[in-house]
Amino acid sequence: MMNNAITYDLIAALPEIFVLCMAMVVLLVSLFLSARTLYVSYILTQVTLLGAAFITVSTHIPAVGYAFNGMFVDDPLSDILKLMIYLGTSMVLVYSRSYIALRGMYRGEFFALVLFAMLGMMIMVSGQHFLTLYMGLELLSLCLYSLVALDRDNPRSTEAAMKYFVLGALASGMLLYGMSMIYGATGALELSQINAALFNGMADRSVLILGLVFVVAGVAFKLGAVPFQMWLPDVYHGAPTAVTLLVGSVPKFAAFAFVIRLLIQGLQVLTVDWQGMLIVMAVLSISIGNITAIAQTNLKRMLAYSTISHIGFLLFGFLSGSMNGYISSMFYISAYVLMTLGGFGMILLLSRKGFEAENLDDFKGLNQRSPWYAFLMLLLMFSMAGVPPTLGFYAKFTVLQAALQAGFVSLVIFAVLMAAVGAFYYLRIVKLMYFDEPQDHAPITPSPDMALVLGINGMAILILGLMPQRLMELCAYAIAHSLQ
Amino acid sequence: MTEIQKIYLLIPLLPLFAAAVVGLFGRKLPRAAAHLITIPAVAAAFGLSAYVLIDVLQGHLFNGTVYTWLISGGTNFEVGFLIDQLSATMMVIVTFVSLMVHIYTIGYMHEDPGYSRFFSYISLFTFSMLMLVMSNNFMQLFFGWEAVGLVSYLLIGFWFTRPTAIYANLKAFLVNRVGDFGFLLGIGMVLYYLGSLDYAAVFSIAPQFADMKVSLIPGSEWSLMTVICILLFIGAMGKSAQVPLHVWLPDSMEGPTPISALIHAATMVTAGIFMVARMSPLFELSTTALSFVLVIGSITALFMAFLGIIQNDIKRVVAYSTLSQLGYMTVALGVSAYSAAIFHLMTHAFFKALLFLAAGSVIMAMHHDQDLRRMGGLRKYLPITYLTSVVGSLALAGIPPFAGFFSKDAIIEAVHASHIPGAGFAYFAVMAGVFVTAFYSFRQLFLAFHGEERFGHNHDDHEGDHDDEEVSADHHHGLAPGQKPHESPWVVTIPLIFLAVPSVFAGLLYIEPMLFGGFFGNAIVVRPEHDVLHHIGSEFHGWLPFALHGLTAAPFWLAIAGIASAWFLYLKRPELPGVIQSKFMTIYRILDNKYGFDSFNERFFAGGARYIGGKLWQVGDVKVIDGFMVNGTARLVGRISAVVRHLQSGLIYHYAFAMIIGAFVLLTFFMKI
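Residue numbers (the numbering used here), protein chains in the order written: chain D, -6 to 477; chain R, 1342 to 2014.
It should be emphasised that the hints constitute simulated quantities derived from the structure, not laboratory data. These figures come from a predicted structure and were not determined experimentally. Glycine is no exception: its CB is placed at the ideal position from the N, C-alpha and C atoms. Incorrect hints may appear among the rest.
[Stated by the list, open to error] What follows is a list of derived Cβ distance ranges for each label pair:
| # | chain 1 | residue 1 | chain 2 | residue 2 | range |
| --- | --- | --- | --- | --- | --- |
| 1 | D | Arg421 | R | Phe1998 | 42 to 52 angstroms |
| 2 | D | Met460 | R | Phe1522 | 44 to 54 angstroms |
| 3 | R | Asp1962 | D | Arg421 | 35 to 45 angstroms |
| 4 | D | Pro436 | R | Leu1377 | 33 to 43 angstroms |
| 5 | R | Ala1373 | D | His53 | 53 to 63 angstroms |
| 6 | R | Leu1988 | D | Arg421 | 39 to 49 angstroms |
| 7 | D | Thr0 | R | Gly1536 | 32 to 42 angstroms |
[What the hints assert, rightly or not] To spell it out: a stretch of chain R is covered by chain D in this simulated footprint if at least three of its residues, at any positions, have a beta carbon under 8 angstroms from a beta carbon of chain D; those stretches are:
| # | stretch |
| --- | --- |
| 8 | 1697 to 1706 |
| 9 | 1976 to 1983 |
Isolated chain D, as found in the complex:
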């Protein structure tokens, strides 16, 4: 009996264990590689992702299983989010390979740090206990801090890493403080026990609300919701673009899971309270994100503000407080990650040795240089702006629909108006690409794998927008089988 339990624990956490071992293998192997054979680390990392995906799929069951005395959960939600994380990380690596190679960051640490960061995300996704959740978050954050500073001779990167670290520490502190308050009020650290305690109404309300505010603040920091978004533009701008690509994309899956675990599985009884907080943050995020983005001339900064506004839309799904809302949020976050990967992928595509294509002007006349990539960028921008029939339109449509069903009519109208404001800066890029003369005439020569993946990424935006059913069913399956 005991043996069985331990075996189950290990099987449930097998993907994490595998990734952990492989991260160390990559770290060790890289020590013995010369600059010319370093591609071995890259391939090993990709193999790791493939293996982890294989393990996750083969241990998948459409039911919830707890492991390690309820600290860890293996449910469809975690499995599907993990698969999305592997896929996203793999795309990050494909897009960033030549970029980091040209900038002297093509080292073993990069791959090991990416794998450890991913391990952190996986633990966050599967965490069922305040401590596991916090541990995953810290593992992720520490790896990201050092990745941002990876180009350590670049003052902009180090400054960004410093800001990220200090503010991240502050946010972690807030989160931990909030967790301790909730522990004090309920006497439990495990989410289901917290939920049960709250349900019985034993806990002191004011202590709970105090804790809740700090937990929400910590979560909002990870997501990048206003007023906890300040780090985001500086880090996006300062970090090497390959790292920005990572910071901006996959960890949002983990942050999404974080919200689901903490607010919905743990603190469901307090829905009315966190709903109010999310409304405030959603409205602020959408307006500040969209309005500030207009004044940006740097594409990375612009995408940072665009992220803030997307997070606002994501919160709309959560704050509707319904199963439908959570499903649409999951759909939104998947769409968001796909769009962000493509967007930063385009910046990486146009960058070359000694040149960062991160200003809006660098996209001028792209259509004359390469109609195909201009078309992909057009799809990405349309999708971010929410123009049908792209994926972004459907994503916005579903979250707003969920909010509408929950009765937030005026909020939805506000969000739609703000989306119209946001359309301006996305369409400005389209205008630059198609109607302006190019300033830069360098040929665009991506590696074949990058060209292929970027092409698929761009077309997926269109195809999933036309046929969103499958992705929607996947999200619905994950949510419906994991939240009771």
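Chain D is fixed; fit chain R onto it per the hints.
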């Protein structure tokens, strides 16, 4: 998906695929690829359609959804097929005529720089038209409706360097907008009141609404079904060019001739007829709407025929005859003889496509001179074109045993048997129309093929440019002095022959099953008190007695009289028409001005719209919207943006401060102790 469903799907998708390949890659492929890709696709679509028709006649109907596009507010927006006798018949007609036109185009367009573009368009048209007729819901019907309109627009303006072509396609587009507006309102009312867009669902619950009144304008009550049917019919008026929305069709002759045959004679313009026949369960519920249809149709049938008499452009004669024949079909709809309308639609598709293609062959022989006054005596140079033209003209004039006789006579009998309001006027109109039709169609035949040869001289304005044979240039080329016309190549004559065969036999073979044999099954619904065809059917004893009886009836003698008058005026005494014209100048002027529809539209609608538009632009747009709202909003957002970006100071203690303030604000907001 069963085998037969795959076939249903293949029929529209093959032409679409061909259109996409030729349209996207046509410029990179060799020239011949354009027809080598599209023709097999359309031929296969025709073969499969024929197979489907046979299958349907054995009782295998189908009504189902292929793809659900979206579900909004409980309404499904779907792509679905309704395959019954009506749609299968239309599919065969559409694909057959389309195939003939595809083949013909090889010869007609062979020097045109837009060769592959043209093939792509006509294949796309075939797809759109098939989607229209195969649809099982209003949504897809509207999609097909707009798609054929789009292709028609593109093809009228195919030679886009000609200002007249651009004017014509703009006109077609705008006039169709008017019709489509009514159509869309009709569909909207169906959805709003009957709660579905699916044909089967709408038709099954429609009878419950037969007596329902709605007050669209407060204080006046309207029968719901009448309003819906008239709105839908307004759509049909635009597409099928019924008075007063007919003005675009004559101008659409600016397009290449194969298009005039395919789109503006045989198929697209009959979409309105098909639609009303398809909606027969709705139209049957409103006698008022049927009367409206009947009156509009009879006005079109007669008055447009008059205009055919005075045209000198060979294509315009055929165009006005198309208008008039569409009027006949509408009349048939109005007296609830839906199957007679479809029957006439079918025979008309064959003989009118034939006449247009024959006219195109003449135009080619004349080196793109379309003026009848510069033709004459072409009979001996173009024997095949001549013979097939004779067949087409006899069919159009309604001489037994040609196809047109049966379908037209059935309509006239049906009108005679009907008693709904307006039937008396309609009977007069269709009878008079027979004379006029015979007159103008033989006038055209005699002017083009008989009499003295008038080509090759009086060409001082075009001396020496006969070597410039590019179709896209000015279309009044003409033959050089002494040059003789010659017969068109086989790719042109073969379709003529293939179309001549059904122009002769389609009538006598199909009159019995289509009109009286219950061919259409439940696809067409007629209420017993409207069932005029049943009345005629009781006296019907096979096609031969019907034709023999026709020889003694008034329409036949009217047609003979028309032919005789044309012979007398244009062959026997060719100086007479000029005399008549000067004697009856007023009437000639009215006809020449096409009853003033065009100038009225241009002055009142175009001028009025421009005036109102100008005012709205100056006051509404420039001042209120641009000045205050658009630029005002942009300025406001820009200012806010400039302020807000300063919040991002870059200083870490500001950031930390913002976070802590944020947490405090949340705390004070939500801590209610």
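In ascending order, which of the hints set out earlier in this document are inconsistent with the structure?
1, 2, 3, 6, 7, 8
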